[in-house]
Each structure stands twice: as C-alpha cells, then as structure tokens.
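Colleague: The lines below spell out each chain.
2 protein chains.
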Amino acid sequence: MPEVRLEEVQRFMEDCLRGAGAPVAEAKAHAELLLHADVTGHYSHGLNRLELYINDIKSGATDPNAKPVILKESAATAWVDGGNALGATVGNFCMDVAIRKAKESGVGWVSAKGCNHFGMAGWWALKAERQGLIGMAFTNSSPIMVPTRSKERACGTNPVAMFAPAADGDSLGVDMASTTAAMGKIEVQIHKGESIPHGWALGPDGKTTSDAQLAFNTGHLLPLGGFEQTSGYKGFCLSAMIEVFCSGLSGANATHNIRGWALDSKEGPPNLGQCFAVINPECFAPGFAERVADCLRTYRNLQPVDPSLPVLAPGDKERINAEKTKSRGTIVYAQRQVDVSNAVAATVGVRPLQVVA
Amino acid sequence: MPEVRLEEVQRFMEDCLRGAGAPVAEAKAHAELLLHADVTGHYSHGLNRLELYINDIKSGATDPNAKPVILKESAATAWVDGGNALGATVGNFCMDVAIRKAKESGVGWVSAKGCNHFGMAGWWALKAERQGLIGMAFTNSSPIMVPTRSKERACGTNPVAMFAPAADGDSLGVDMASTTAAMGKIEVQIHKGESIPHGWALGPDGKTTSDAQLAFNTGHLLPLGGFEQTSGYKGFCLSAMIEVFCSGLSGANATHNIRGWALDSKEGPPNLGQCFAVINPECFAPGFAERVADCLRTYRNLQPVDPSLPVLAPGDKERINAEKTKSRGTIVYAQRQVDVSNAVAATVGVRPLQVVA
Numbered sequence: 000m001p002e003v004r005l006e007e008v009q010r011f012m013e014d015c016l017r018g019a020g021a022p023v024a025e026a027k028a029h030a031e032l033l034l035h036a037d038v039t040g041h042y043s044h045g046l047n048r049l050e051l052y053i054n055d056i057k058s059g060a061t062d063p064n065a066k067p068v069i070l071k072e073s074a075a076t077a078w079v080d081g082g083n084a085l086g087a088t089v090g091n092f093c094m095d096v097a098i099r100k101a102k103e104s105g106v107g108w109v110s111a112k113g114c115n116h117f118g119m120a121g122w123w124a125l126k127a128e129r130q131g132l133i134g135m136a137f138t139n140s141s142p143i144m145v146p147t148r149s150k151e152r153a154c155g156t157n158p159v160a161m162f163a164p165a166a167d168g169d170s171l172g173v174d175m176a177s178t179t180a181a182m183g184k185i186e187v188q189i190h191k192g193e194s195i196p197h198g199w200a201l202g203p204d205g206k207t208t209s210d211a212q213l214a215f216n217t218g219h220l221l222p223l224g225g226f227e228q229t230s231g232y233k234g235f236c237l238s239a240m241i242e243v244f245c246s247g248l249s250g251a252n253a254t255h256n257i258r259g260w261a262l263d264s265k266e267g268p269p270n271l272g273q274c275f276a277v278i279n280p281e282c283f284a285p286g287f288a289e290r291v292a293d294c295l296r297t298y299r300n301l302q303p304v305d306p307s308l309p310v311l312a313p314g315d316k317e318r319i320n321a322e323k324t325k326s327r328g329t330i331v332y333a334q335r336q337v338d339v340s341n342a343v344a345a346t347v348g349v350r351p352l353q354v355v356a
Numbered sequence: 000m001p002e003v004r005l006e007e008v009q010r011f012m013e014d015c016l017r018g019a020g021a022p023v024a025e026a027k028a029h030a031e032l033l034l035h036a037d038v039t040g041h042y043s044h045g046l047n048r049l050e051l052y053i054n055d056i057k058s059g060a061t062d063p064n065a066k067p068v069i070l071k072e073s074a075a076t077a078w079v080d081g082g083n084a085l086g087a088t089v090g091n092f093c094m095d096v097a098i099r100k101a102k103e104s105g106v107g108w109v110s111a112k113g114c115n116h117f118g119m120a121g122w123w124a125l126k127a128e129r130q131g132l133i134g135m136a137f138t139n140s141s142p143i144m145v146p147t148r149s150k151e152r153a154c155g156t157n158p159v160a161m162f163a164p165a166a167d168g169d170s171l172g173v174d175m176a177s178t179t180a181a182m183g184k185i186e187v188q189i190h191k192g193e194s195i196p197h198g199w200a201l202g203p204d205g206k207t208t209s210d211a212q213l214a215f216n217t218g219h220l221l222p223l224g225g226f227e228q229t230s231g232y233k234g235f236c237l238s239a240m241i242e243v244f245c246s247g248l249s250g251a252n253a254t255h256n257i258r259g260w261a262l263d264s265k266e267g268p269p270n271l272g273q274c275f276a277v278i279n280p281e282c283f284a285p286g287f288a289e290r291v292a293d294c295l296r297t298y299r300n301l302q303p304v305d306p307s308l309p310v311l312a313p314g315d316k317e318r319i320n321a322e323k324t325k326s327r328g329t330i331v332y333a334q335r336q337v338d339v340s341n342a343v344a345a346t347v348g349v350r351p352l353q354v355v356a
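Going down the list, the sequences are from chains Z and X. Once you know that position 11 of the first sequence is 10 in numbering that gives the first Met the number 0, the rest is easy, because the numbers rise by one and skip nothing. Once you know that position 222 of the second sequence is 221 in numbering that gives the first Met the number 0, the rest is easy, because the numbers rise by one and skip nothing.
Okay, chain Z solo, but in the shape it has when bound (with noise of 0.2 Å):
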C-alpha cells in the first residue's frame, strides 16, 4: 500500500483546503487537525474526510473565511456562533476562550452554534492538557443512533472527549462515541470482508445484524451497551447529555434536525452545536499530575487475562499508534484513498499525493 510522508499528507491537505478558498492559517490548522487523526490509528478522521470539508467548503455550506464570535460571557462561560467556519477555526477559537476562563476562573465551558464537523473530539481536549489543563469536547452530529426500543434514529454518535495531564508528560486521554461502533469501523470490516458483532448495528427490519454492508446501508447503530438487556439506554442517555452540552446550551439545530450523513450533501450548513471545556487542576488539590500517573500505571500493570494483550490504560492505543507513525515517518493508505484523494485535489488544482518510492 501506498505510503505518503507526515510533511507530505499536510502539504497535500492545506493546499486542497486552501486551493478551495480557505486563508492560509486556517487550512494550515484544519489540516494538522485531520493529520492527527491518521497519525493516532484514527483513519477515518484523516485524510478520509478531506473530501467532506472541500466539499462543504464548494456547495457553501461552510465558510472557510468565516470568523467566529462571542454572543455572550461570563466569568467562566461564552456563547459562541461559529459562523459555519471550518471546523478547526471554531474549535481553535472556542478551546482558546475556554483556556482563558479555566485560567482566570477555574473553569471555562464553551458552547457554540453555527459549526461544521471539527474532526477528532480528542485533538480538542489534548489542545487543554497540553498546557496543564483537563480539557474536554464534545460535539452532535447526523441521526445515525437508534434509540433503545426505537425503530428510527434521533441521536448522534455524539462523542466525548477528555485529556488529563500526568507527571512526566504523560496523559489520560478518552475519546469515544455514544454509539457501540463507529460507522468508519463498520466500513473497514466490508473492506476485510468480514462480518460485525451483534449489538453494533440494527438491519432493516429494526432487528441486529451481523452483515457488514447491510449495517452500512441500513445506517442504524447502537448506542453503546447495545441492546436494552446489555443496558444500551446508558449510550443513548451519553448521546442526550452531550446534545444538552451542545445544542441545548448553543441553539446549534438538535441531531434528530441535522442534515443526513452524506460526503457531498446539498443540504446546506448543517449548524452543528459543540462544546468546549477545561477545567484547571490547579484550583484544587496539590498533585493532581502524580494521582493521574498513579491510576495509568495502575491500570498497564494490572495482569492481563491474555498476556499478549496487555491492559491498555485510556489513551494508550492512540499514543502508541502516533510512536510508531512518528518513528516511521509516514503514513500508509489504501491505494483508494489515495486516488480517492488525488481525484479531489484536481478539483481545486493541487497537485497529486507525492508517495514514497
């Protein structure tokens, strides 16, 4: 398969964004956003949706010049409107704003409306913990989860989000949607040609599925927990309390009113509502770095049913991934994807994926 170095897939990504009309500094961010993605593991965030920004970015439902602002403040709050900016623009905006208040109050929470998909809910909280700070995001999305006892979908795969920081550079990280799998995953097992587990998707006629391509199409996921008896209604309330955090604060549209899933939708902006938040570990007890350290090496140290597989501590597979990536310095792609990619960047003239011989 294709590999394509670090400085190479951001080259590529910032010339698509800015060759679509987005300011240099702003396609610069949105890309170190999406590289994130891929140099974690987290493909599907990656160079993978670049398609979905330009896209948004040509039929106007984002603007790439857009300039978020605060609508109203407090010691420890603000009410932005995104503007439907990029999704870097009002995560870097918002995250820089709730930094501030963290530091001046303790806490600073964030809500905005008016914005477009912001890629990893990590990579925003992570933007907290490196300055010594818990950070944590959160954002609606298209209806794609199914309720428990539903037939339709009304919720999102609405993640969470959180980073701590610990001693010596360390850090807890929690990254997760409220749905049991996310749809990118279901993807990579038709790529394998493999079936899925129960309790991930619903087919057709509203009853589990094990078939991949079915649960792709169908598109109804499960919150995570999975059905009623395996408590699947705690994913669905994780979904509602993000969307209290996101829509219900911003007035951004609520999931169940958000545009269909779709990588070239006409439906317009589809006002998404996000949350940022961080709190400052410093305004409680001493030490906060050293507790966080002991419950990570508490946790890789606990004996492992399979010793092949070592318990990983929250944030491990990520940190792990992005060594490796970093040591190798590159990133290998499906032949598709890139040539998915290049097809795009002609589009808005860039020139094509330059891979490693």
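No lab work stands behind these hints, which were simulated from the structure alone. As the structure is a prediction and not an experimental result, all values here were calculated from the model. Cβ atoms here follow ideal geometry from the backbone N, Cα and C, with glycine treated the same way. Treat each hint with caution, since some may be false.
Simulated pairs of lysine to aspartate or glutamate, EDC-like, Cα-Cα distance not exceeding 16 Å [stated by the list, open to error]:
(1) Z:K102 / X:E72
(2) Z:K316 / Z:E103
(3) Z:K71 / X:E103
(4) Z:K71 / X:D305
(5) X:K150 / Z:D305
(6) Z:K184 / X:E227
(7) X:K316 / Z:E227
(8) X:K71 / Z:E103
(9) Z:K150 / X:D305
(10) Z:K206 / X:E72
(11) X:K184 / Z:E103
(12) X:K206 / Z:E227
(13) X:K71 / Z:E281
Computed list of chain Z residues with no C-beta within reach of chain X, every gap over 10 Å [to be verified]:
(14) R4
(15) E6
(16) V38
(17) D169
(18) V339
We have chain Z; now place chain X onto it with these hints.
Modeller: Same frame as chain Z, but now just chain X:
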C-alpha cells in the same frame, strides 16, 4: 409483600440515623436521599443501604457530626474536605456551593475528598435542576470493575449523573453507572432465580458467566459495552474520566486504593472522591428549556420496535416509578428487607417499620 407509607419510611430511616448519632437535620437530609431512591424504583440505593450507613457511623468510618469545609476556591471552583461526614451532608454542602458559583460565574465545579457513599448520584444533579440549572454529580467507589483485557479489578461503578430542566416542569435526567450493570441488578437476578446476560460479569476464571450467584461471589463487573469487541473499553474510559474528576482533583483515594465493598467494613473511612458541577443555561442561548423539551418529545414519539414497549426519554423510567409510588403513597418491600431493617433499628433503639395493615 409488606407495604410501608412514605412518611413512615422517612420517619424510620431518620430515627435510625439519629439513633446512631446523627444530628436531626443531617439524619433528615440523608433519609430524604434514600427515600428518593425507593420512590424512583432504585431499591438497591434506598432502605436497602441504611444498614451500611448505620454500620459506618458505628465503626467511626462516618462522622455524622462533621462539617465539610472549603479548602481552596476560585470564581468557578471549590476544593472541599468532606471530613467523612454523612453522604447527604457533603452532597448538600458541595451542591449548594456549586449552585452559588454557577449563579455568579456561569459554572460551579466542586471536588471533595473525605467522602462517604452519597446514595443515588442523580439526587444531587436534580438539586440543581430544581433551580433551573444543569446539575452533574460523579463519585468513585470500591474497586469492582475489571478494565478491558484485565483479570483484576481496579475501577469502580463510578456513576455519572446529569439533570437538565425542560419546559413545563419536565426534565432530562441521566444517572448511570459506568459498568454494564450495577451489583444490585445481579442481586435481583439471584432473588428471582434467573441467570444474567453475558457481558455483565466475569467468573473467577476471567471468562464471562451467566451464573448470577457466581458473578456476585466473584464481584468482577464488566464496563459498559461489555467485551472489547463491543467497545467495553469505553465504559472503562468513562470510569477513568470520572476518577479524574473525583480523586484526581480532590486528592481522595483513587478507586484502586478504596476499601473493598462490604456492608460492615472494618477498614475505616473509605475517603471517596466526589464531584459536583453546575452550569447556568442563562449564560447561553435563550430558549434552553424549550430545546430540551423538544428533544424529550422527539425521543418519546419515536416509533418503537415493540408497540408494547414505548421509547423512554432519559429519566422517564424514574419519573413513571415516582408518579406510581406517590399516588399509591406506599413502598412495597420484600419481607426480608423489612426484617433486616428492623434488626438494624433494634441495635439503635428505634421502633420497627410500621407496615400498612
């Protein structure tokens, strides 16, 4: 099965706590907390837990006369020492501080060490909701969850609760353990002589079991999501995130250092960590309560798979239970529950529960 009037349950629990040495106001507050659990149908956290609290007062693990104190504060935060007071004493103190700060600064985020069991997490979130605010509550707990891939326990049932006010006196309420099922649900299956679904708990061999008694004796609960292939690591991540808020911020014991779960522990104060957060929706977009009501309406009106099982919005089950209980005016307990409670009462010189004739 014996039926007891609500006022009599409150009288009985209040008298027992007073008999064990709690001041009138604290006994009343703690009994209200337990009564709420029975009224909403969460019997594991009501009268059923009275024995634990009485035992902890007797052993000195709980100091019913202690007063929580603020150790450090900023505009939006407070670090509290609960002083091993009763759960309701610490919960009311911290939630009052968080509510005041949310009214002044938009958010109140309070983390406390030196805590005892605080009953249903949802009760604390509800306290803020009743004032038109978003309330949240988190606690860590005894180690009983087996992290993904691990043979050993290290995490707790660490619940997250959130209540948000909706128009016309309605609310959206979440109150969920980060395990698939709480221990109380396994006890219920034992009492019914039924098995448990796979994905709830492991047996002593580290493999899934459907034997309720074996699961209870082993005490190795699986995180929400169950096994790794159905994203059990997300429940583990949720528990770890709550650990950060509870022991990370406050300096309380981390779950892996908390005494084992027992009704009559001799291991001294558990030194749990708890976190209480409040967000003021008035600092954000106007119309918050209407938007939450729209979500509730949408969820409730979804077409169900089985017409006899309507889709419930988060919090509906508890609301329906509470309405039934209040209109009946009584709570129905198992005979064994009444007997155990009366035996506890006798040790503190309190007259037995008066059962409805």
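Colleague: Of the numbered hints stated earlier in the document, which are not met by this structure?
Modeller: Result: hints 2, 4, 10, 11, 12 break, sorted rising.
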